[in-house]
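4 protein chains.
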Amino acid sequence: MWQQIDNKLYREFLFADFPEAFAFMTRVALLAEKHQHHPQWTNVWNKVEIWLYTHDEGRISEKDEQLASEIDQLLTGQSK
Amino acid sequence: MWQQIDNKLYREFLFADFPEAFAFMTRVALLAEKHQHHPQWTNVWNKVEIWLYTHDEGRISEKDEQLASEIDQLLTGQSK
Amino acid sequence: MWQQIDNKLYREFLFADFPEAFAFMTRVALLAEKHQHHPQWTNVWNKVEIWLYTHDEGRISEKDEQLASEIDQLLTGQSK
Amino acid sequence: MWQQIDNKLYREFLFADFPEAFAFMTRVALLAEKHQHHPQWTNVWNKVEIWLYTHDEGRISEKDEQLASEIDQLLTGQSK
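These protein sequence lines are chains A, B, C and D, in that order. The opening residue of the first sequence carries number 0 in numbering that gives the first Met the number 0; numbering runs sequentially from there. The opening residue of the second sequence carries number 0 in numbering that gives the first Met the number 0; numbering runs sequentially from there. The opening residue of the third sequence carries number 0 in numbering that gives the first Met the number 0; numbering runs sequentially from there. The opening residue of the fourth sequence carries number 0 in numbering that gives the first Met the number 0; numbering runs sequentially from there.
In short, the hints are calculated from the structure, not lab data. Since the model is a prediction, treat every value here as computed from it, not as a measurement. Some hints here could point you the wrong way.
Note: identical chains are not told apart, hence a pair may lie in one copy or across any two.
To be verified - With a cut-off of at most 20 Å between alpha-carbon atoms, the simulated DMTMM-like pairs for lysine to aspartate or glutamate come out as follows:
hint : residue 1 : residue 2
1    : Lys33     : Asp16
2    : Lys46     : Glu61
3    : Lys33     : Asp63
4    : Lys33     : Glu69
5    : Lys33     : Asp5
6    : Lys7      : Glu69
7    : Lys33     : Glu11
8    : Lys7      : Asp55
9    : Lys7      : Glu64
10   : Lys7      : Glu56
11   : Lys7      : Glu61
12   : Lys7      : Asp71
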């Protein structure tokens with residue numbers, strides 16, 4: 000469900016509440032540091048919106064595809 | 000599965016890996032600040048151990064029962 | 000340095016890098032859960048932008064002033 | 000101030016309160032994922048204790064020295 004918008008990969012995520020949303024953000028932050036590739040993102044209450052793009056190249060790169068894929072895996076893995 | 004050990008409520012939690020364990024810890028930290036009641040806890044890789052007790056009273060209080068119950072709810076809720 | 004923009008309190012925060020920015024976000028998340036009052040916020044790399052407003056009232060309330068003040072105190076406290 | 004205890008590097012860290020301690024833990028978690036090398040650690044309120052060792056080798060390795068050094072840098076960097 001990632002969409003290409005303005006040369007960025009974009010996806011919206013909805014959770015039950017703020018703590019669930021922020022725990023997800025923490026996992027994305029850990030992925031970002033692991034890959035040294037960071038998102039642009041917005042949160043309000045239970046909603047997280049993420050935009051992925053490669054700043055140096057001004058476009059979507061393999062790094063973004065990889066990070067998008069690993070973020071999606073967070074949602075289908077074991078529950079927490 | 001909380002046990003009473005040395006006048007503390009104790010439970011061990013196992014996760015798939017470190018990021019999943021730390022996301023759980025983040026949720027527990029948010030609960031702790033919400034209730035202004037904080038755990039003693041240990042983590043190594045995918046294992047989190049939590050001890051709950053009420054320092055001021057030197058024993059397990061209702062606050063500990065409440066926090067234990069809300070921590071358990073994290074594990075049975077929607078996945079993340 | 001909070002400004003009123005579109006009936007919201009707004010402030011931009013700049014840090015050394017992503018980990019420093021995300022540690023700040025974690026502290027704001029803990030404050031938000033403590034007060035049960037949550038921000039609208041955006042992060043990209045070392046920049047965090049926060050908008051505070053009271054959704055139910057459609058305007059800035061005392062809750063927002065309080066949260067803004069406590070967020071500012073994070074920046075002037077002991078270093079981490 | 001890291002000490003060698005039982006073939007582990009050990010250091011205790013004291014903070015003003017729980018949120019400050021947990022923000023530090025979040026930074027250590029980000030370092031750990033970046034390096035794919037994780038601590039054994041304990042927290043209660045404002046105190047964090049960390050033990051670093053290399054499980055596969057049953058001793059302190061260069062990875063531990065490196066992580067200890069980067070953790071120390073968190074404490075001397077710009078404040079948050």
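How the hints compare with the structure:
1. Lys33 with Asp16: between (26 Å within a copy, 14 Å between copies)
2. Lys46 with Glu61: Result: close neither inside a copy nor across copies, 26 Å intra and 24 Å inter.
3. Lys33 with Asp63: Result: close both inside a copy and across copies, 13 Å intra and 17 Å inter.
4. Lys33 with Glu69: both (11 Å within a copy, 15 Å between copies)
5. Lys33 with Asp5: neither (26 Å within a copy, 29 Å between copies)
6. Lys7 with Glu69: Cα proximity of lysine 7 and glutamate 69: one copy only (17 Å, versus 33 Å across).
7. Lys33 with Glu11: Classified as neither; 22 Å inside a copy, 26 Å across copies.
8. Lys7 with Asp55: within (13 Å within a copy, 33 Å between copies)
9. Lys7 with Glu64: Classified as within: same-chain Cα gap 10 Å, cross-chain 35 Å, threshold 20 Å.
10. Lys7 with Glu56: within (12 Å within a copy, 34 Å between copies)
11. Lys7 with Glu61: within (12 Å within a copy, 37 Å between copies)
12. Lys7 with Asp71: within (16 Å within a copy, 32 Å between copies)
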